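There are 2 protein chains.
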Amino acid sequence: MADPTKSPPLTRPSVIAAHSLIKQYIHYTPVLTNQTLTDLASTPQSPSDLEDTQWAGQTPARPRIRLWFKCENLQKVGAFKVRGAFHALTRLMAEPGWEEDGGRHRGVVTHSSGNHAQALALAARTMGIPAFIVMPSISTPSKIVATKGYGAKVIHSGSTSVERERVVEEVIIETGARLIPPYDHPDIILGQGTLGIEMQEQVERMIAAGEDGWQEKCSYAGKAGGGGKRKAKGLDAIIAPCGGGGMLSGTALSCEGTGIAVFGAEPEFEGADDCKRGLEAGKRVETVRTLTIADGLRTPVGAYPWTVIHDRKLVKAMFSVTEEQIKKAMRLVMERMKMVVEPSAVVGLAVALFNEDFRRIVESEGGEEGWDLGLVISGGNVSVEAMGKMFEVSQKEIERQEAKVGQDGKELAENVAG
Amino acid sequence: MADPTKSPPLTRPSVIAAHSLIKQYIHYTPVLTNQTLTDLASTPQSPSDLEDTQWAGQTPARPRIRLWFKCENLQKVGAFKVRGAFHALTRLMAEPGWEEDGGRHRGVVTHSSGNHAQALALAARTMGIPAFIVMPSISTPSKIVATKGYGAKVIHSGSTSVERERVVEEVIIETGARLIPPYDHPDIILGQGTLGIEMQEQVERMIAAGEDGWQEKCSYAGKAGGGGKRKAKGLDAIIAPCGGGGMLSGTALSCEGTGIAVFGAEPEFEGADDCKRGLEAGKRVETVRTLTIADGLRTPVGAYPWTVIHDRKLVKAMFSVTEEQIKKAMRLVMERMKMVVEPSAVVGLAVALFNEDFRRIVESEGGEEGWDLGLVISGGNVSVEAMGKMFEVSQKEIERQEAKVGQDGKELAENVAG
Numbered sequence: 001m002a003d004p005t006k007s008p009p010l011t012r013p014s015v016i017a018a019h020s021l022i023k024q025y026i027h028y029t030p031v032l033t034n035q036t037l038t039d040l041a042s043t044p045q046s047p048s049d050l051e052d053t054q055w056a057g058q059t060p061a062r063p064r065i066r067l068w069f070k071c072e073n074l075q076k077v078g079a080f081k082v083r084g085a086f087h088a089l090t091r092l093m094a095e096p097g098w099e100e101d102g103g104r105h106r107g108v109v110t111h112s113s114g115n116h117a118q119a120l121a122l123a124a125r126t127m128g129i130p131a132f133i134v135m136p137s138i139s140t141p142s143k144i145v146a147t148k149g150y151g152a153k154v155i156h157s158g159s160t161s162v163e164r165e166r167v168v169e170e171v172i173i174e175t176g177a178r179l180i181p182p183y184d185h186p187d188i189i190l191g192q193g194t195l196g197i198e199m200q201e202q203v204e205r206m207i208a209a210g211e212d213g214w215q216e217k218c219s220y221a222g223k224a225g226g227g228g229k230r231k232a233k234g235l236d237a238i239i240a241p242c243g244g245g246g247m248l249s250g251t252a253l254s255c256e257g258t259g260i261a262v263f264g265a266e267p268e269f270e271g272a273d274d275c276k277r278g279l280e281a282g283k284r285v286e287t288v289r290t291l292t293i294a295d296g297l298r299t300p301v302g303a304y305p306w307t308v309i310h311d312r313k314l315v316k317a318m319f320s321v322t323e324e325q326i327k328k329a330m331r332l333v334m335e336r337m338k339m340v341v342e343p344s345a346v347v348g349l350a351v352a353l354f355n356e357d358f359r360r361i362v363e364s365e366g367g368e369e370g371w372d373l374g375l376v377i378s379g380g381n382v383s384v385e386a387m388g389k390m391f392e393v394s395q396k397e398i399e400r401q402e403a404k405v406g407q408d409g410k411e412l413a414e415n416v417a418g
Numbered sequence: 001m002a003d004p005t006k007s008p009p010l011t012r013p014s015v016i017a018a019h020s021l022i023k024q025y026i027h028y029t030p031v032l033t034n035q036t037l038t039d040l041a042s043t044p045q046s047p048s049d050l051e052d053t054q055w056a057g058q059t060p061a062r063p064r065i066r067l068w069f070k071c072e073n074l075q076k077v078g079a080f081k082v083r084g085a086f087h088a089l090t091r092l093m094a095e096p097g098w099e100e101d102g103g104r105h106r107g108v109v110t111h112s113s114g115n116h117a118q119a120l121a122l123a124a125r126t127m128g129i130p131a132f133i134v135m136p137s138i139s140t141p142s143k144i145v146a147t148k149g150y151g152a153k154v155i156h157s158g159s160t161s162v163e164r165e166r167v168v169e170e171v172i173i174e175t176g177a178r179l180i181p182p183y184d185h186p187d188i189i190l191g192q193g194t195l196g197i198e199m200q201e202q203v204e205r206m207i208a209a210g211e212d213g214w215q216e217k218c219s220y221a222g223k224a225g226g227g228g229k230r231k232a233k234g235l236d237a238i239i240a241p242c243g244g245g246g247m248l249s250g251t252a253l254s255c256e257g258t259g260i261a262v263f264g265a266e267p268e269f270e271g272a273d274d275c276k277r278g279l280e281a282g283k284r285v286e287t288v289r290t291l292t293i294a295d296g297l298r299t300p301v302g303a304y305p306w307t308v309i310h311d312r313k314l315v316k317a318m319f320s321v322t323e324e325q326i327k328k329a330m331r332l333v334m335e336r337m338k339m340v341v342e343p344s345a346v347v348g349l350a351v352a353l354f355n356e357d358f359r360r361i362v363e364s365e366g367g368e369e370g371w372d373l374g375l376v377i378s379g380g381n382v383s384v385e386a387m388g389k390m391f392e393v394s395q396k397e398i399e400r401q402e403a404k405v406g407q408d409g410k411e412l413a414e415n416v417a418g
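Residue numbers (the UniProt record's numbering), protein chains in the order written: chain A, 1 to 418; chain X, 1 to 418.
Don't take every hint at face value.
[Claimed, not checked] List of simulated lysine-lysine pairs, DSS-like, C-alpha gap at most 27 Å:
{"id": "1", "chain 1": "X", "residue 1": "Lys389", "chain 2": "X", "residue 2": "Lys328"}
{"id": "2", "chain 1": "A", "residue 1": "Lys328", "chain 2": "X", "residue 2": "Lys327"}
{"id": "3", "chain 1": "X", "residue 1": "Lys389", "chain 2": "X", "residue 2": "Lys148"}
{"id": "4", "chain 1": "A", "residue 1": "Lys389", "chain 2": "X", "residue 2": "Lys328"}
{"id": "5", "chain 1": "A", "residue 1": "Lys148", "chain 2": "A", "residue 2": "Lys23"}
{"id": "6", "chain 1": "A", "residue 1": "Lys327", "chain 2": "X", "residue 2": "Lys328"}
{"id": "7", "chain 1": "A", "residue 1": "Lys148", "chain 2": "X", "residue 2": "Lys327"}
{"id": "8", "chain 1": "X", "residue 1": "Lys148", "chain 2": "A", "residue 2": "Lys328"}
Note that these hints are calculated values from the structure, not bench results.
What you are looking at is a predicted structure, and each value in this text was computed from that prediction instead of being measured.
Modelling step: build the complete structure from the supplied sequences, incorporating the hints.
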């Protein structure tokens, strides 16, 4: 691992510098909009939607939200993780003595069962150096195949973090490879934050070009041009998913001093909302055992990300959502935007659509004009089988709908026949 | 139904005229490329891939193919069908006497359980006239809900074509609504063909802008610029799916006189390859009963499309693919391009990847330089439940892969430990 104390300071200019280091290696992923989802976000939930929630019986919030989706599912290897991997590797290679000490032959190592594995494999292959990836034997076979596909040497381990770290140690002793951790390192944080810089540029450009499609409905351009309260035409806020917190803290750094509020989103299932709970308690939660379907967000937030999120207060608030809300958001993105996303990628959208605490903030702070809200669609690595499993339980819902439609249809048929 | 004999002639200029009539109502959908799929298309199949096919034991073709995806899954209502619906409706409304005879109040009617239902519903709502859609009671509930969502009156019928047409007749008698058929009408054909015009423009523009990403690998730009055999930088061929044949014949018209070869793709399951069989026999196959998963392609080719495809020979050849090949192509688009597509949308890709007859044509006609091949991704309307069902049988495949990976992993682990 590169010495973290020698990393650039955790600031917005360092994120911008990271971007210039890595942009040749990554995709400048598109920012997309979707009218159906923007309309849905701007429609109050019904009282019945709130029935089984902590907001039961309360008046639903009436926020106005324009959604901007930063599509890192279309990034190389299908996830934002390449940003941090390329940045950390580039920085490691620039370390004095790395080349002379045979760093190019010794390679790099990490443990990951997820997108970081493929990201580091690709980064290492691009730079022509070997990568050793320690993956639990129980990892999804398609992820193992993909990681090998990028030329990495995959080494199996047990699935606990102790077992995985032991194997990593063995590889380091054996090969001299250097560790590139998945999130808990300043170089990784700065790399992930580059998506925030791109997103800010893109949304400003798209609004200026009239590509938001909202002028007519909201007299948006008019207001901004007419000296309204908006200081600039760009994002008001970003919601980013939070697992280890590398990407959330990087995004927060990318927004420091811009006036853009950054929020974090977590699953609440089996305590996966560790960052939210940590902020409430004023102390980082260091272990989590959850099997949330948002498998990229099962990790507790790391020490370096925590300094940005908690100590420096660069994340305004954390929100959590249920497994059902994640599935609903996933269905909407797949069926309406026709885009394949992994469950972890839509927790931010789920917050925007379903979390009344968040929606009230937008209502009160955004007012009539509302908010331009950026959502980080963090990845798209999900097999068609996994998708199928996720939605197979909804058969009952289909039948319920079928019964309902049958009835309406009959009425209409009678109307016409009469 | 507007009198088909008064439609514009079935020519490329008529398709261009149709485009100028409808372009304000539809999305100019993107053309996307994907390196992984392009590489796969340009890699010979392995002898084992061909084992259980009609090409068993033969040398696999070595075509060079650059793929260009016209993404009509991102079209309004999620499918190309809005093109024909808007064109047919616009033309009907321009018919002398339509307004005076109360056409605006009488509305339009069609029978469809698929994307044409939603397309006509949207077109009618946009024009502010009523739409009656006859749908079999057994239609997918989500499609019925969506059609109603566009403000149409849905009337249920039995599922045979006789039963459906009887209900349509009743609606016409009752309401005076005019029929807008799903594919067998010149106005529909010309409307669908507009996607071919856009695709030609887009690919030329993208190649000129260097967005094909192939210059380096193929010295493509160099060759073209250096007076090679290519006459223009654009598409060499298009493969379009064929159900009723409206879109295939429209696409063929859009390419008439351009030198771009047009091919059709069908499922072969239970005789769904009626157009291919018809061409072989020199006679249109008028009835088909198939339950191919490519549910948009279950219809036999219509009489008007047949005149373009067969009589005028504007479609160079038809190819068919198996259900398994359709599923493989669907998996590739979903997992690699991160795009949601319906099974009907990927039959063209399946031909490009798996049909050796087609691949040999590319090898022999495209030679070293290969072909720029356009694929019409015709729609993206598939529920997450349907996706799940489609891929649930592949569990065995997962286990097979799991076993294989376990073994490879062990070998690697031993390499590292040793």
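Against the structure, the hints:
no. : hint                  : in the structure
1   : Lys389(X) x Lys328(X) : holds (14 Å)
2   : Lys328(A) x Lys327(X) : holds (25 Å)
3   : Lys389(X) x Lys148(X) : holds (25 Å)
4   : Lys389(A) x Lys328(X) : holds (18 Å)
5   : Lys148(A) x Lys23(A)  : holds (24 Å)
6   : Lys327(A) x Lys328(X) : holds (25 Å)
7   : Lys148(A) x Lys327(X) : holds (24 Å)
8   : Lys148(X) x Lys328(A) : holds (21 Å)
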